[in-house]
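All chains should be modelled from the sequences, with the hints used to inform the complete structure.
The primary structure of each chain is shown beneath.
Protein chains: 2
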Amino acid sequence: MQESIEQYMHTVGQQARQASRVLSSASTQIKNHALSAIYTALENSESAILAANKNDMAKAHNNNLDSALLDRLELTPTRFKGMLHGLKDVIGLTDPIGEITDLAYRPSGIQLGKMRVPLGVVGMIYESRPNVTLEAASLALKSGNAIILRGGSEALESNQAIAVAIQHGLKTAGLPESCVQVINTTDREAVGQLITMSEYVDVIVPRGGKGLIERITNDARIPVIKHLDGNCHVYVEAQADLQKALPIALNAKTHRYGVCNAMETLLVDEKIADEFLPRIAELYAEKQLELRGCANVRRILGDQVKPASEEDWYEEYLGPILAIKIVSGMDEAIDHINKYGSHHTDAIITENFSLARQFLARVDSSSVMINASTRFADGFEYGLGAEIGISTDKIHARGPVGLEGLTSQKWVVFGDGQIRQ
Amino acid sequence: MQESIEQYMHTVGQQARQASRVLSSASTQIKNHALSAIYTALENSESAILAANKNDMAKAHNNNLDSALLDRLELTPTRFKGMLHGLKDVIGLTDPIGEITDLAYRPSGIQLGKMRVPLGVVGMIYESRPNVTLEAASLALKSGNAIILRGGSEALESNQAIAVAIQHGLKTAGLPESCVQVINTTDREAVGQLITMSEYVDVIVPRGGKGLIERITNDARIPVIKHLDGNCHVYVEAQADLQKALPIALNAKTHRYGVCNAMETLLVDEKIADEFLPRIAELYAEKQLELRGCANVRRILGDQVKPASEEDWYEEYLGPILAIKIVSGMDEAIDHINKYGSHHTDAIITENFSLARQFLARVDSSSVMINASTRFADGFEYGLGAEIGISTDKIHARGPVGLEGLTSQKWVVFGDGQIRQ
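These protein sequence lines are chains Z and F, in that order. Following full-length UniProt numbering, the numbering of the first sequence begins with 1 at its first residue and continues without gaps. Following full-length UniProt numbering, the numbering of the second sequence begins with 1 at its first residue and continues without gaps.
Note that these hints are calculated values from the structure, not bench results. This structure is a prediction, so every number in the text was calculated from the model and none was measured. Incorrect hints may appear among the rest.
For chains that are exact copies, the list does not tell them apart, and a pair is met inside one copy or across any two.
As a list, the in silico DMTMM-like pairs of lysine to aspartate or glutamate whose alpha-carbon atoms are at most 20 angstroms apart [to be verified]: (1) Lys114 <-> Asp102; (2) Lys114 <-> Glu404; (3) Lys114 <-> Asp378.
Okay, structure coming up:
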C-alpha cells in the first residue's frame, strides 16, 4: 500500500509538471476561457456538489466532529453562490504573467529586464472548507501554475465533486485536466510525498491550524509559503491623538475576534496611561472583553483587569480577551513587539514624526502601521484582488500574498549580437 | 563534545540575532563608517593576514591538497589588494535598506507601500577562498544583516585573521562585533547546527561544489539561496543572422571555460545546420575544443566530432568540451533545454520576432536571452554592483543575486486614524 501511494503521488506530480509546461505559456485569453468554462460547469453541477457535501456532513456528524469544523465544512446554496462570485473576481484580475519591467540598456549594449513567470507547480494542503478547492485552483490557473490539492479527509466527496467540474471546464478550454488535481486518498503518506517531491512541486501552501503548518514546515523539502500566528500589537505612544487612538484600539480588537490581524496586546505609554486607559476600558467593557494587564495597568484600572502572566504576551487569543501592558517608552514597546510578537502586523498611534519613522524602521513585522487599525492587513484591503494567504515568512512573500506570491521573475536579455569582452 | 558544539553555535546564533536588531536600523552613514574602518583595519593587518594564509598553505601542502584548491586558498599581495578594492566597491553601493516604493492611497484612506528591510541573519558556508570572508561580510553589513561565516577547514587561520580585522572595524564604528562572526571550529556538527537553527538564522547561502550544496539543501531547515549547475544552451534558429550567431556561439563557449554561464550544449536548427556547422566548427578547431555531437551533426562534420551520449546533454563540462545537437525546430529546442538544462541561462539566435517572443515565454530559466552571449549572466554585467551568488531557485531570488537578495520587503501603512468598516 505504502508503495502504491508513492507511485500514485509521483504520477500526480509528473502530470502536474507536464501540465505546468503548457499552462506557463498559455495566453490570458485561454486561461480566462478555462475559468469561465469552470464557472459554467460548476453552475451546472450545483446539485451534485451540494449532494456530495451532504454526504460529507453526514459522515462528519457520525464521527462527532466539533461544530466549528462542521460549520466550515458545510456548503449551503448561499456559500455556493459566494464561491462562484469569488471565481468571477479572479477572472477579472489582471494576469501577472509575462509582465516585463525595468527594461534598460546596460553599458555592454544588452537590454536587461525582468519578466514575471509562474512558479510551476503548487502543492496546497488545507482543512475542511471545500471552497478553498475552487479558490486555490482558480488563483493557480490565473497565474499559470498547475496545482495539486490535498484537502481534509472530512471534505473528500465535496472536493472531488468540485474537481470534476473544474476538470470539465479545463477540457472545454483545451487545457490539460491535470492542471488541477485533487488527491483522491486520505492516506497521510500522500502529504508526506507531496511535500518532498521537489522534482515535481515548486512551492507548498498550507492552510489550517498551527499544528498542521508546523508539521508541514518541518518535514517539507520544498519551500513553504506559511502563516503561523497573528499576535498583533497596537502601541499608544505618549503623543498619540486620543481621537485616533480610541477608535483604533477598539476596532483592532473588537471588529472581529477570530482573525489573524486582530490586536492581541495593547501597549500604552506610561505618560498617557492615566488618561487613556480608563476611557478605552469603558469601551471594552461595553463589548464585554476580558482584560489581562500588567501590575501597572491593574493599579489604574483595578480588579476589572486580571493579572497577565508571561504567557499572555505570547498568546494569540482569537477571542474576546486582550492583554494590556504599560511601557516606559518607544524602546520598551519595540523590544516587546519584536520579542513576543509574531511579526505579523503592529501599529503605533502617535503624532510624533520622528518616533513614527523609528517605529517603522525598527519593528520587524510583515505590516507596520502608523495611526491605522491592524485589521487593514489583508489582501482585499491591500488591493491584491484575492489572497492566497498571509505569510509571516521573510523569504519570497511577506504579509498578504496575492497572485504575485505564486509567481517569480526571470531575467530577460535582448541583444543584436553582443558578446562579452 | 557534541553538546558543546551545539552550545557554542547557539551562543553564536543568539549573538547574531541580537546584533541584527541593531544593524537592521543602523543608518547608511554608520554602516559605511564601519566598512571604512574595516578597510583601514585590513590595511594595517596585511602582514598578519598573509602570514596566517602562509600557515594554511603549508598545512594544505602537507595534506597533499590538489593544486586547484591550493590556488583558490592562496592570498598573494595582489589578491589582497583585490579584496580591498572589492570592499571599496561595496562602500560605494547604494544602501537598499529603507527604500519605500509603491506608496499609494487605498479606497479606505490608508496609504500603503512597501519598505525594503534586511533578512536578519545570514549563514554562509563556503570552501577555500578566504576572500569570500570579506566579500560576504561586507555585503551583509551593507544590507543590514548580521552574518555567521563557516569557511573551509583548510582556510581556518586566514579566515580568523580577516575576522579579527573586521571586528576591529565594527568596534571602531560602534557596532556590535557579533555582526560578523567566523566559526572557530572545523567540526562538521557546526554546519549541522547552523543550517537548522531557524530561530537565529534567516537564510543560508552555500558556495562551493555541487555535493556541498546538495547536502546543505537536504539537511537545512532554513531557506537556502543556492546555485547548482550551469548547463547553458545557445539555440541557433533557422532564421539566425550568422554574423551574430558565429561570434555568440564562440564567445558563449570559449570566453572562459570554468564558469557557470558558459554554453555547454549548442542546438542548431536542421534548416541552417549545413551552412552554420562547418563555419563554427572551424572557429572551435582553432580553440582546440573537443566536440561531441548527435548522429546528424557527425553526418555533417564527420569524425572531428565524437558521438554524444545521453549523459552529454546533462553535462556541465566547465572545460573545452562542447555538446552539439541538431533539432527539428523551436519545439524540440525548447523541450531539450527545459528537460536537460539547469534553468540557468539559455539564448536563442534568431531574427524572427514571433519565435523570439515564444522562446522568451517558454524557456524556464533564470536568464533567457535573445541574440546575446550567455556569458552576460552575471551580477557585474547586470549592474548589481556585487554578487552574492547566482541562484537557480525560483523562490525569493533568481539568477544573479546582489544586495537585494539579502533583503525583503515589509508592508507599511500610514493613516490618520482609519479603522476597518
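Hint check results:
no.	hint	verdict
1	Lys114 <-> Asp102	both (6 angstroms within a copy, 17 angstroms between copies)
2	Lys114 <-> Glu404	both (14 angstroms within a copy, 14 angstroms between copies)
3	Lys114 <-> Asp378	between (27 angstroms within a copy, 14 angstroms between copies)
When each numbered hint is compared with the structure, no violation occurs for any of them.
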